[in-house]
Structure formats: structure tokens, C-alpha cells
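Participant: The lines below spell out each chain.
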Amino acid sequence: MRSENLVSSLTASYRLSVASRVLAAILGGYMLSALTAFALAAFLPLSRSEASMTATLLSFLIYACAVIWVFTTRTAWRAWAGIIAPSLVLGGLVLIRHYTAGA
Amino acid sequence: MKEGFRQSMAWLHTWSGLVVGWILFAVFVTGTLSYFRPEISQWMRPELRDAHAEPGAVARVIPTLQQRAPDAQRWFIQPPTSREPVVRVSWTNSVADQANGRPRIERGNFDATTGAELQVRDTRGGEFLYRFHFELSMQPIWGRWVVGFCAMFMLVALISGVITHKKIFKDFFTFRPRKGQRSWLDAHNAIGVLALPYHLLITYTGLITLMFMYMPWGVTANYGSDTQTFFAEALDFAPEAAPANQPGTLTRLEPLLSAAARRWEGASPALITVHHPGDVNSRVELRRDHQDRLSHATQALVFEGVSGKLISAAGAEPAAAQTRNVLYGLHIANFSSPGLRWLFALSGLAGMLMVASGLVLWSVKRAPTFARTGRIPFGYRLVEILNIGVITGLPIAIAAYFWANRLLPAGLPERSTWEIRAFFLAWVLSLAAALFQPARTAWRTQFTFAAVLFASLPLLNALTTDAHLGITLAQGNWVYAGFDLTMFGLGAGFALIAWHAARAPKKAAKPRKTRAEPLMARAEAEQA
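Protein chains in written order, with this note's numbering: chain F, 3 to 105; chain E, 27 to 554.
For the record, the hints were derived by calculation from the structure and aren't laboratory data.
A couple of the hints might just be wrong.
[Unchecked claim] No farther apart than 25 Å at their CA atoms in a straight line, the calculated lysine to any residue pairs in the SDA-like style are these: (1) E/K205 to E/L511; (2) E/K391 to F/A83; (3) E/K391 to F/R17; (4) E/K335 to E/S284; (5) E/K391 to F/L12; (6) E/K391 to F/V20; (7) E/K205 to E/H494; (8) E/K391 to F/A21.
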């Protein structure tokens, strides 16, 4: 992200990019860590209470890493892609598990 | 990002820190005071000066409770400790409160030797500050989410702050005083790095204390909405028993307490809950205290209320549950001896100073630019006012809370609520005062005011109660004397800050280039 210049005003596209990243960090980051918690709890080879506990403990670290990723990557688009792609994979795994367990 | 990893982290550190900084400051201040919650509660009830704990006192409050609250859903009984030598009791009335439809909670303090109810002033004591620490006096659910959000960004600010520092070890030994912006940066770095393990620990474990509320999805994955089963399996929470609606006589408490002591290597319960007292299906639940253990595991014994038979005992915890319980225990810090508790409190103080110096640094860094252009943007002025209003306003509010405790008449209706109103009134006035003064004057006058309020508290205490230093020092009553002496210390600390704020700034903050340069790059250069 560019270092702000206090005298010149910030461009609209810069502001939009920051706003987009903020959303990706707060909402996207939460979605990714929630899905990670869900998937870890479902797949970790532990007793179910231990798996849920471990997954919940780790989810906050995932969230922190996601936020840092969002503000590190080159463009806001890449930030969103980095959040959505793993979310889709995790969501898919959870769905597959849900349907195979139900069958 | 274009300028590279470290610079984008510096940006993230600046802005994530600024947005949540004011709330974090309040959370740090009230959280640090919560290490002394029992002592504060005790000082705010000066009538209890000579109270002392006696073993077996708990059982003596039962007859009183049976008279006062026979139809309560639950009695919560906190046995006396050396830090708070009274029996604190609360109970939920079966009659719903007219105001919000929920069961009404009543509270009482009982003598730890006779079991008689004590007549003490109505106050929330240290409990108010403790609740504020994670609920901010908002609706609990909203307050907890706001604090959780800020804690999450504190974690981000910490990690990005660490990444920003190329020479984290060197920063630790660097302080260049009286050099304006650079001194603020050095101070922020030194305090941040000095207590970094504490900051990381306390932020992460803070999230852990409410993790099932913030992040319920790991539990949902395996239990759906049946969280009760999860808590029973994972943390050994005993399932609730429904009342049978037939009268039953509660067994004597003493044998249950001795049974608990045998199982717990002599440790005593921190909380005794009697579910449905007077019902044939009543339960007595004893929760072990955590004074001698890191882990905050709910070691609970549940007895049948009528027969006194042990029906459930929380056993060994598996690895992940134990990890969570230890992290939780590290946050609450109930285990600590006075010396260790003061170390925690000093680290908490470092946390406050880190947040406060970070907030001030944001302003100081931008001041020269605006001084040159002569145009002060709204955002800059807003940050300045919030900085003054929160960093000086909150201590003033806390002092006002203590003052109100000594000044409000004992018979005032809703007395404890008025103490809390005094807290907020003082805070709002401090914010308003910051609006109408130049920043430097506001800093100086408000820190001076805080110094006067704190330093004169022991005098006010001496004028209004018998629990003052003249008596408590002679008695060796360190709960009361320690509080008063700490107030002198705080007063001196604020006086010192006010004195520093009053001195004219040296010209060291003078910009070295005529054009505004990218600020983060400059900060970078100075750290390198």
C-alpha cells in the first residue's frame, strides 16, 4: 500500500482499494477462519470435543494471518482471491463430508 | 504492495492501531485494575475493614439464605478469601424483573465469622471495572463483540508491528529523550518490545476467554446447536437438573466441603452454587478455586442437595481442553501471588503506555505538516480530542467513581448506579473540556486534575471513613492501606506526566525537509 502523502489528496481508486481490502480483511478473514475452524473440527483425527477445541483455538491465528495477507498482497483483487479460493476449497470439503456422512 | 512487505505492514500497524486504539486503552486500563478486583471491591466497602475469614463460615449463611430467598432459582455463594474476607452471595429470584422480564439478581454480603448479613453501602466495587473490561457497559453481547473485534486487531497490530521492526532487539535498548517525534517512537518501541510476550499472550488469551462466542463454528461442525453436550464433553460442565417442584430439605454443607477438600488436596471452593434450594431435586455444585493452579479448568463436584451424595466429579482434561484452560487461566491470572500479580499489573501498565504512546505518535508525526500549511484537517483534530478525552478522561472517570463511592449518601436509592453515572459524567466532561482548549493546555490541565483527584483520595477516605491510612497502616491491613498508597502513587505518576506536558516542546521535532515526505518511509529510516 502506498505511503500516504498528507498534502495531496488521495485518489478515489486508492480509497476504493483500501475500502475493498478492509472488507476483505474483516468479513473475508472471518469467513475464512470460520470455515477453517469448521473443516478442522470435522477432519482432525481427534475425539470430537478435542477436534472442536483445537480448531477453535487455531482459528484466531488463521484470522490474523488472513488480515496480514490481505494488506500485503499487490492488489485488492489478489487479496480477495487469496481469501475466496481457500474458502471455496474448505467449503467444498465440508459439503462433501456432509453429504457422504449423510448417505 | 508496491512499497514492499515491511512498509505495507507499517501502514497496517498505524491504521489498525489507530482505529481500535481508544477502546484498547480503556480495555487495558480496566483489565489491569481487574487484577485487583477483590481489593478494589473491599476498599469500596469500608464497613468491612475489620472483616476476617474463618473456615466454615460459608455454612453459616445458609439459614439466612433460607429465610431471605427460599424460592430462588440459584444461590451463588463466594466463600471468603484472604483478599476479600466476606461471604459474597447473589441469587436469582424466581420473580421476573418487571423491567426486562429476566430473573432479578439480588446481592448480599455476609459476615465471614457469624454468617449475619452485613450492612454495607450499595456499590458494584471492582466488579464494574471488571465488566467494563470486556463489555464496555454496553449490552453484554454487543460490548463483547466490540472488545473482541478490537482484540483481534490488536493481535494484527502486534504481529505487523513486529514485522515492521527490522531491529527489534536494538529498539529495545534505544531511547532518545526530548527529541519530539523520535522520542515518542522510541518510547512506543521500547515499551512494546519490553512487554511483547505479555502483549501477545494477553491479547490472544483474551480472545480465548470468549472464543466459543466469537467463533462457534468449530463446535457447530461436530455438535450442531447442541452446545450443552459439547461443554459437558469438553470441559466437564455438569448438566443441569430440573426442579421436581416438591419441597425437600437441604443437607448440611460442612460434610460436602470436607469431601471437596479431601479430593482437592486441601484446596477450597471458589464458588458454591445451590440449584433449586428447597426442592427435592436440588443440587450443590462446588467449583475449585484457582489460586494454586495455572489452569482455569472447571473442577466441579456436584452433590445431590437432599442426600448429599456425590453425583459427578470433573476429571482429567484431554490435551486441547487443557491448553484452552491454561490459556484462559493465564488471562485471568487468579493463580498469582501478590508479587507476580504486580508484575502482571506492571505489564498491563506497559500495555496502556504502548497504546497511548502509539496514539500520540500518530498525532505528533502529523503535527509539523499541519503547522506549516496552517490548515488543520477535521480527522487530525478528532484524533487529538479523542486522545486527550480517552487517555486523560478515563483515569479521571475512574477517580470520580472512587470519589462518588465515598461521597454519595448511604441511603441514596440506586446508589451503585449513581457511582457508575459519576464515572461516565466525569468522562464526558473530560472529553468536552478537551474540545474547548488548545491541545497542550488540555493535556496539562487534565493530567493535573487526574493527579489531584487520585492523590487526594486517601485524604477524602480519611475524612469520610474509619478505614484510612492512620488506622489501616497501624493494623497492617494491606488491602485498604495498599489501595490508599497506590492512589498516592498514581497521583504522583500523573503529576509527573502533567509536569512533562507543561514544559515547552524543544525544537527537535523540526522537519528536516521542507516538503512533506512519505511518513512511513521516514519512520523506516529512523528505525534502520
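Participant: Confirm or reject each hint.
Facilitator: Comparing the hints with the structure gives:
Taking the CA atoms of E/K205 and E/L511, the gap is about 33 Å. The hint is violated against a cut of 25 Å. A C-alpha spacing of about 35 Å is found between E/K391 and F/A83, which places the hinted pair above 25 Å, so the restraint is violated. For the proposed pair E/K391 and F/R17, the alpha carbon gap of about 22 Å is at most 25 Å, so the pair holds. For the hint pairing E/K335 with E/S284, the CA-to-CA distance comes to about 13 Å; that is within 25 Å, so the pair holds.
Of the pairs offered as hints, the one joining E/K391 and F/L12 holds, with about 18 Å between alpha carbons and a cut-off of 25 Å not exceeded. Between E/K391 and F/V20 the alpha-carbon distance is near 22 Å, which keeps this suggested pair within the 25 Å criterion. Taking the CA atoms of E/K205 and E/H494, the gap is near 43 Å; set against the 25 Å cutoff, the hint is violated. Taking the CA atoms of E/K391 and F/A21, the gap is near 24 Å; set against the 25 Å cutoff, the hint holds.
Checked against the numbered hints above, the structure violates hints 1, 2 and 7; every other hint is satisfied.
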